[in-house]
Amino acid sequence: MARYNVHLLGINELEKLDLHGFWEHGLYYEVKTLPDRLSVMARFRLEYIGTANWETVLKSWEKSEQGIWDDFYKGRGFDTWTAWRMDYVRRFTGGRMIHRTIDIHRIINPMELVPTMWVGSFPGWRQYLPPGKMSQQFCGLVFNDAVRQNPKIVAIRKNPPKKTMLIGFTDGECISVLEGTHRACAITLSSLEGIQLGGDVFIALIPFGKNQALAFERTYTFGSI
Numbered sequence: 392m393a394r395y396n397v398h399l400l401g402i403n404e405l406e407k408l409d410l411h412g413f414w415e416h417g418l419y420y421e422v423k424t425l426p427d428r429l430s431v432m433a434r435f436r437l438e439y440i441g442t443a444n445w446e447t448v449l450k451s452w453e454k455s456e457q458g459i460w461d462d463f464y465k466g467r468g469f470d471t472w473t474a475w476r477m478d479y480v481r482r483f484t485g486g487r488m489i490h491r492t493i494d495i496h497r498i499i500n501p502m503e504l505v506p507t508m509w510v511g512s513f514p515g516w517r518q519y520l521p522p523g524k525m526s527q528q529f530c531g532l533v534f535n536d537a538v539r540q541n542p543k544i545v546a547i548r549k550n551p552p553k554k555t556m557l558i559g560f561t562d563g564e565c566i567s568v569l570e571g572t573h574r575a576c577a578i579t580l581s582s583l584e585g586i587q588l589g590g591d592v593f594i595a596l597i598p599f600g601k602n603q604a605l606a607f608e609r610t611y612t613f614g615s616i
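For what it's worth, this note's numbering labels the leading residue of the sequence shown as 392, then goes sequentially.
Rather than coming from a laboratory, the hints here were simulated on the basis of the structure.
Derived lysine-lysine pairs resembling DSS-like cross-links, with alpha carbons at most 25 Å apart:
| id | residue 1 | residue 2 |
| --- | --- | --- |
| 1 | K454 | K553 |
| 2 | K543 | K450 |
| 3 | K454 | K549 |
Label pairs and their computed distance ranges (CB to CB):
| id | residue 1 | residue 2 | range |
| --- | --- | --- | --- |
| 4 | Q518 | E456 | 17 to 23 Å |
| 5 | K543 | T473 | 20 to 26 Å |
| 6 | R436 | F534 | 20 to 26 Å |
| 7 | K524 | N500 | 22 to 28 Å |
| 8 | Y439 | P542 | 32 to 38 Å |
| 9 | R482 | E564 | 20 to 26 Å |
| 10 | N444 | C565 | 20 to 26 Å |
A quick note: this is a predicted structure, and the numbers were derived from the prediction, not measured. Built from N, CA and C at the ideal position, the CB exists for glycine as well.
Let the sequences and hints guide you as you build the complete structure.
Pasting the structure below:
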């Protein structure tokens, strides 16, 4: 069994430390168990912009969906957009990462990287996977005619945003997308057709540690949340 650098710390001790880590089952895991920022940047060809907290990322996400899902989330019994989306995040992450800081990067070559990302396991996207498949990269998903003809995806391709930010998870080896599935599909379709889609693409990346392989797998394996 692999060994990880784990410290049992009291809250007073933790507050004195200049560490970025996370609590899980009463243990505090240091950043050493998480993917190294420089290796992530090199592997995916990312330009580090800065670090944000969940509140900042959520505000950006909410702004991009302003008014779009109001009837939907209220029909699901949620009073606010934030309560609805945070329920999704907790289901994806098991509630372990809500207080973790998040690195913001610019994707240097989105036409190359985005097609290799994995589709986040939102139940609504499962219908577009081939029979028997439980996970799918965007380069495979867009061969579904319903995806290619999706009105939102078509609209994004006709009028791509000058700047956009995806939200994703990474274990240092691959990336799954939590927010921005329609935009990722639009980028992938354009890439496969050899069409350059303009605009800068940023991504807020939430890291999973080496000891969280199964938790990371949940983020892109359909039927797991």
